[in-house]
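**Student:** Based on the provided sequences and hints, a complete structural model is requested.
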Amino acid sequence: MFDYSEQIEAFREEKVRLPKGFKEKLFAHRDSNRDRLILRLPKRIDGLSISQSSFKPQGSSAVRTIIQTKFVNEEYDIDDGLVLWRDELVDDDGNELTSTQVKEHVLEALKDARFAKQPNMAANAIRVYYKEGDEERHHIDFPVYRKYEKDNGDMVRELAGEFGWTESDPTQLNHWFNNEVKSRNTDVEGHGTQMRRLIQLLKRFCRSRYNWDMPNGMKLTMLVVECQPAFHSRLDLAFRRLLEELKDRLEDNKVILNLAHPDKPPITRTDADDNVTEFLSKIEEALENLGVLDTPDHQDNKSARDAWEWVFQSDGYFRDYDKAKEDKEKAARLKAVAATITAGTAKTSSIVGIGSAGVRNLPHSFYGDRF
Numbered sequence: 062m063f064d065y066s067e068q069i070e071a072f073r074e075e076k077v078r079l080p081k082g083f084k085e086k087l088f089a090h091r092d093s094n095r096d097r098l099i100l101r102l103p104k105r106i107d108g109l110s111i112s113q114s115s116f117k118p119q120g121s122s123a124v125r126t127i128i129q130t131k132f133v134n135e136e137y138d139i140d141d142g143l144v145l146w147r148d149e150l151v152d153d154d155g156n157e158l159t160s161t162q163v164k165e166h167v168l169e170a171l172k173d174a175r176f177a178k179q180p181n182m183a184a185n186a187i188r189v190y191y192k193e194g195d196e197e198r199h200h201i202d203f204p205v206y207r208k209y210e211k212d213n214g215d216m217v218r219e220l221a222g223e224f225g226w227t228e229s230d231p232t233q234l235n236h237w238f239n240n241e242v243k244s245r246n247t248d249v250e251g252h253g254t255q256m257r258r259l260i261q262l263l264k265r266f267c268r269s270r271y272n273w274d275m276p277n278g279m280k281l282t283m284l285v286v287e288c289q290p291a292f293h294s295r296l297d298l299a300f301r302r303l304l305e306e307l308k309d310r311l312e313d314n315k316v317i318l319n320l321a322h323p324d325k326p327p328i329t330r331t332d333a334d335d336n337v338t339e340f341l342s343k344i345e346e347a348l349e350n351l352g353v354l355d356t357p358d359h360q361d362n363k364s365a366r367d368a369w370e371w372v373f374q375s376d377g378y379f380r381d382y383d384k385a386k387e388d389k390e391k392a393a394r395l396k397a398v399a400a401t402i403t404a405g406t407a408k409t410s411s412i413v414g415i416g417s418a419g420v421r422n423l424p425h426s427f428y429g430d431r432f
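Residue numbers (the working numbering): 62 to 432.
The hints are simulated quantities; they were obtained by calculation from the structure and are not laboratory data. This one's a predicted model, so the numbers in the text were calculated from it and none came from an experiment. The beta carbon of each residue, even a glycine, is placed where N, CA and C say it ideally should be.
Below, simulated EDC-like cross-link-like pairs (lysine to aspartate or glutamate); rule was C-alpha separation at most 20 Å, straight line:
1) K76 x D376
2) K76 x D138
3) K386 x E370
Taking CB as the label site, the calculated pair distances span:
4) V316 x N240: 20 to 28 Å
5) K325 x K208: 18 to 26 Å
6) R295 x D92: 36 to 44 Å
7) D173 x D107: 18 to 26 Å
8) D92 x V217: 26 to 34 Å
9) D148 x D173: 27 to 35 Å
**Tutor:** Next up, the structure:
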């Protein structure tokens with residue numbers, strides 16, 4: 062297959078992964094809300110201890126698989142778990158606060174007159190909204206947990222859910238994923254890092270069309286961790302092989318397991334969720350388009366660009382990248398030719414100079430035989 066890895070690496074770097082400056086803005090907004098909770102929540106719940114260590118980053122931003130949005134109605138989602146001690150979550154009479162009461166306190170502490178849209182209570186979190194222009198629209202979710210220690214010393218963490226407290230560890234998925242990356246990098250240098258990049262690219266593929274109904278990031282992450290192919294130095298081949306592995310896996314079984322919590326039920330609802338079924342059909346289409354690159358008459362840059370453009374819908378990025386690369390290579394060739402000509406001219410001038418100094422220039426004419 063024609064090597065298009067350089068372009069896909071650049072595309073991932075510039076158009077898929079989150080730019081450093083915007084990521085810093087997101088985290089600055091998150092930190093402002095943390096400060097707001099640290100300052101205000103103890104005023105609402107007397108005796109509450111809360112600090113920066115009470116917050117546990119979660120989700121794709123925490124494990125660095127978050128990607129840029131493609132459509133203006135999409136929002137970036139930052140998850141930041143808040144973990145508080147159970148014995149401090151009591152009212153003035155010492156009665157234990159319900160999950161709803163705790164979330165209401167967090168909601169009120171986060172409200173601010175400067176917000177265009179005030180925070181609200183979702184099923185499992187308090188959501189704070191931001192809109193820095195359509196392309197930077199985002200929200201920050203604060204799921205709330207309580208923790209306590211059992212008689213045997215085990216620490217229990219429970220999420221304030223829609224219907225009460227449910228045992229849940231806000232750090233387990235992060236630890237599981239980071240350990241997967243670390244162990245794969247230990248076994249084969251770069252394998253774990255490539256897994257993270259494949260997740261980003263797969264997310265971009267799934268979000269490349271507005272009307273596609275695709276699995277969420279959690280499901281895609283589980284599938285890549287389960288189906289990642291062997292490391293390959295070419296990212297284009299690694300991604301194609303991932304699609305092949307996913308196709309085989311989903312043709313055999315469309316149930317997606319929660320690998321971070323093996324004791325929990327699958328994260329798919331049925332044996333064949335609609336979005337998983339559609340995902341498989343789009344993988345098959347992608348592989349059909351990429352299969353053209355195996356034929357002898359499609360071993361060229363344009364064929365590769367057309368195939369990968371179908372996969373990722375780069376909005377002209379691949380075209381512009383190839384044009385810039387072609388112009389740069391052309392300029393380099395012209396420069397090399399100019400340098401060669403200059404060197405040849407200098408050499409000729411040197412020879413003429415020697416002849417002029419060492420050979421007598423006799424009188425002559427260009428007609429007749431006289432000297």
